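Residues per chain, in single letters:
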Amino acid sequence: MTTLEVADLVKDFRIRGGLRRSRLRAVDNVSFTLTPGRTVALVGESGSGKSTIARIIARLERPTSGQVILRGSGGAAVPNRDYRHHVQMVFQDPFASLNPFHTIAHHLARPLRLHGRTRTRAETWSAVVELLERVSLPAGDVAHRRPHELSGGQRQRVAIARALAPGATVLVADEPVSMLDVSIRLGVLNLLASLQRDQDLAVLYITHDLATARHFADDILVLYRGRVVERGPADQVILDPHHPYTKLLAAASPDPAARGRSFDIDPAEVVEAGSAPPYEHR
Amino acid sequence: MTNLSPELLEPRPSAGWRNLAPRWSPKLAVGSALILTITLFGLVGPLLVGDPDRIDNIGLTAPSGGHLLGTTQTGQDVLAQIAYATRGSLYIGVLVGVMATFLSALFGIVGAYIGGVVDEAFSLFSNVMLVIPGLPLVIVISAFVPPEQRGSWTIALVLAITGWAASARVLRAQTLSLRGRDYVLAARVAGERTWRVIGVEILPNLLPLLASQFVFAVIAAILSEAGLSFLGLGASSSSTLGTMLYYAQNGFALQRGAWWWFVPPGLIIALFGCGLALVNFSIDEIINPKLRDLRRRVGAVTRRATDPAPSPGDDAVLTLTGLSVTYQGERPVRAVREVSLTLRRGEILGLAGESGCGKTTLAYAVNRLYRPPAEVTAGSVTFRDRVDGDLDILALTPEELRAFRWSKLSMVFQGAMNALNPVLTIRRQLEDVLTTHRPAMSRKARRARCAELLALVGVDPRRLRSYPHELSGGMRQRVMIAMALLLEPQVVIMDEPTTALDVVVQRGILREIMRLRGELGFAVLFITHDLPLLLEVADRIAIMLDGQIVEYGSAEQVRDQPRHAYTRRLLDSFPSLTGERGAFVRSGGAP
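In order, the protein sequence lines correspond to chains G and Y. Going by the UniProt record's numbering, the letters in the first sequence line up with residues 1 to 282, in that order. Going by the UniProt record's numbering, the letters in the second sequence line up with residues 1 to 591, in that order.
Rather than coming from a laboratory, the hints here were simulated on the basis of the structure. Treat each hint with caution, since some may be false.
Estimated spans, in silico, between C-beta atoms of each pair [as the list claims (entries may be wrong)]:
1. Y/441 <-> G/149: 50 to 60 Å
2. Y/368 <-> G/242: 27 to 37 Å
3. Y/114 <-> G/236: 43 to 53 Å
These numbers were taken from a predicted model, which means no experiment stands behind them. Backbone N, C-alpha and C define an ideal beta-carbon position, used for all residues, glycine too.
So here's chain Y without its partners, still in its complex pose:
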């Protein structure tokens, strides 16, 4: 069985928690420093200062050696007051944070997971709580509770009850999406109980969100409490930053210019809120890694037009020479490495490879659609125009590039089914291309051209009035192809144009592409992972592995005499529909 002793496999202290820790960043550093300092001040400060309530007859005095932050109207030490007030505010903030997060988790997560009537009821309740204006309600409730019973807990409870609804909605939405994830379903299939599915499978994945909701609740609570206290509706016995401001206001601190009385508490509220907000940014980055700052390399290489572009063969329309694309980062990834390809006029060149091999990056480089951190580090892309002759695509100015794209070289994107704008009609989206590139064209001519193209790809021109969601996946793909052909380009790059479509629909689209190529004579760079499909449609095939072209030849050659081991492996991976079994082992008994 195994020679590994169980001890060897004892669970290590979970590294999963480390994954949840925010990445270290200046924002996080400043935020945590602010929070830590203020918290420490709130915790330790009161032990070091004198009695904040001790009245002295020196009255209102400016900061001095005896009183570092001066005194109030009644001679109380402001520093001592601030220390106690910070503690009071933090106490209420944390209290409310915990309660509001608990409430929102209860109503958001549990409701969304259980679904049905419970979800409807919980969600209705949160919505009602959400539309009740918070502050007025808080004022009413606070005013209703007699001042002598209005302790910190009462205020915290009131603030929690009015503050949880918004995060409950966020958590509900997230839980609804997690609930349908396969790993949650898998846990159910394994027979896990509901509470365990929620607690073990769903909750950990919500932790970053919960943390950010907690932080947000703390900020809101401290601010609201300050507001309430300032209005004189706060906790009666406790002292918070808000009550300090209230007394400062009552003591006409502003009119008397006693800045030392009201500036420090205000500043602490502002700095603490600022610190929490900064930490929240860092938590957001865990939830959505896209928000992380990409470190841009300074002085990225821009290729100069002076680089000699080698002259391609006569019938070539697109020539890639030694093209390299690198994703710059801490560890640069060379996604495309010295790729040289030639697309001849009117041919279909297939580019096959598996996920991560760099085929889409290559397509984007040809189009110059790549964005930082991707960068072309070497090589050239030459387009031989029927009229204008050779164009060095990598050296085009933005304006030239704009004119070049789509009119000479267009693209059908991966997942093109979702590439149409859902709120615009098909006509609007097609005409948009014409108004941009053919501004001189009349409205009537534009309409005619769009209808013509749609008919060409086998979609009823009446569909021009439709919205994308009214079309089937196959039709949307046809519309995308029509859009790519609108300006009669000489080259169309098709990135997985038929993936995710059913085979029958796929066959229809391929048929359309072959027919249109025959009629219009454009060349196609056909990118896919589906080698059998390429073997059927492509004239020549390039096979890409780890950013390099490992096999390049005619389709027959690639199929019958593959040179590279990887090509052979790919070919063997597709069992023949009608032929022998190949490397497949049949599982059961006799058929």
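Pulled out of the complex, with its shape left as it was, chain G reads as follows:
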């Protein structure tokens, strides 16, 4: 049982503009905990800092301050060199996240060998086959193909399998379906959900889509300009939002159930009427 604690995370980016230098606070004091078997959704618009948080958790970026602590079943922090065994990431764009030069089998075999999960060639191959089957891909057909020969949905399944290969217990999914065609999004999300159930994964689901966040996640954090402005159980946050920004998001999201909803009302005005802090008109 590994738990990932994110505590008081802050990330500043230096902006170089000519001679002047300024700082942009992309992530501002964000704290949350990922526990096995639960999904936390991080919801926000572009520039809200959600991808930065993902990159910090995946150790692609160092936080300016704050900590990301991974605790094993005993509650002791997992040593740094084992961090990547546990924490893996699924990237947004399946067209970019697989190396066009390598076969699918290569993409899965590497992490298996790298993390010492398999030793012999035969072991690796059977593990690759098993991984592909776990993400519902026909192993015999797919393993020797190259990324460009697969559809977007298939590629994203491969990316999920790759993240599982080191034996990950914490999965960061950064907009895993936003680049996919709508008719296959659901399948990929349901796959993630069933994998999570079967293996008791702790999942961080990053998205700008409130509807999938509500149905896919247990808890939702709403991020606005690097700050968590609202958090709570998924249904509560979406159906009964308290913070004006969450209300604004919910009011602006397309909703097939809401045909006939008037376009006369400006979502921004709805929010301002509710004693909201002033949001910059964009």
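Starting from the known structure of chain G, arrange chain Y on it as the hints suggest.
Same frame as chain G, but now just chain Y:
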């Protein structure tokens, strides 16, 4: 677990290398033939000819049976000399190619990947090397090394040191772009070491570029070496094509009309360079597939105006009848198949479909913006003008088409956020439309009209002076809509006008579109993959799958009584924000 034996899955000989092989083309064939012939001549030739240095007292003689290419001033056989000289030149060329490519890879790739101070230092160093004028430096260095020590290796080293910087910069730029790719990040997340990320993830994707840089370095080296030798600064002991030319010059070959002495070495240099350049073209085509020659079909069908266009209903403004668009190629792709749609005056017709279904191709066909290899193979597009009556768009002459576009039918492009020209102000870009289509309009009237339109779409007219990068994505999109409405068109085609915008901004834009339609009364063909959005804004909806319209009806009808299974699947794919979960499975425990 699995019934597949591991043997079945043993890696096959990598097909990835085959992907890297250049496509066979006449350019490549001629280039390789030239290179192969000359290389073979350089390798085998010296074994077949006599001693190139043997002096004979026959002096300068023209080609004959005994000496196929004649002799030099001192009676040496030119053919034998050329064979040895070709070998010498190739040797130096390859040597320099390898060394220069290695140097440029080292400084370009490693620096760019590691980044930070190392990158700055490496990049500064390459830039310094780049601005040092190559040939003069080579001359200075060569002159500095005493002739007796000036072997092929010294010359090759000098040429490599002066020749790597330009390709290092190219490789650096490419590596910088690869470094941020998700698959490189994914390898880092997987815990791969730096050298492995560079060697296994980045390098293979740079191979075509490296190959072309290598070829380029070889050409440059052979030419520079020839130049140096010609100046008498080349390798002292070896014989190359350059030294041959040097001796020919010293022996007054030109003045004496001994063409057989200087033409053959010159020709070999030229042909070899030409061959390498041709091969380089083919390598470039791997890096950039767009450069590949599109095979055009001869005698493409152009529709004639005589085809009877069926008369549309009274309130129709745009009628598509049996429209088919095909991408001609080795395997023709029928992107749009017999699509019939009617856009009524003032309505919003939604066209929904997933990537590759042909919706953008359809939009381009209506506008006649499609380019070869796309081709309209059947059908008609009829525009019913308020004033002029029916227009057969596919039969318009280029001049009529130019006048028709934008003034009667305009378009908001996909990714419109990037469709503005970054170096011109908003005013310039808006006024451009007016100066083209309303040449009679005064400057003052133009300005007023632009300001009016900008205000109409909810952007402060003071923004006319701004450049596109000074505006937010939402504002740029509003400017694009203003531009589309500038000439009061009767139809606006909007291709994914709000995709890539945040939902709040998206909502604002949609609101603007609905309001403007109410005020100005244009009809909209709204193309998107976002069905829930269409269900909210569109009057009627057409659903496209594999180039065909599979569902066509009012928005209510499509939502409540979808007829086609695909429509139902699409509808089920969007979980409701406030309603039931639908096909979604909740992952964890109790909320």
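Verification of the supplied hints:
no.: 1; hint: Y/441 <-> G/149: 50 to 60 Å; verdict: holds (54 Å)
no.: 2; hint: Y/368 <-> G/242: 27 to 37 Å; verdict: violated (53 Å)
no.: 3; hint: Y/114 <-> G/236: 43 to 53 Å; verdict: holds (47 Å)
Going through the hint list in order, the structure does not satisfy hint 2, though it satisfies all others.
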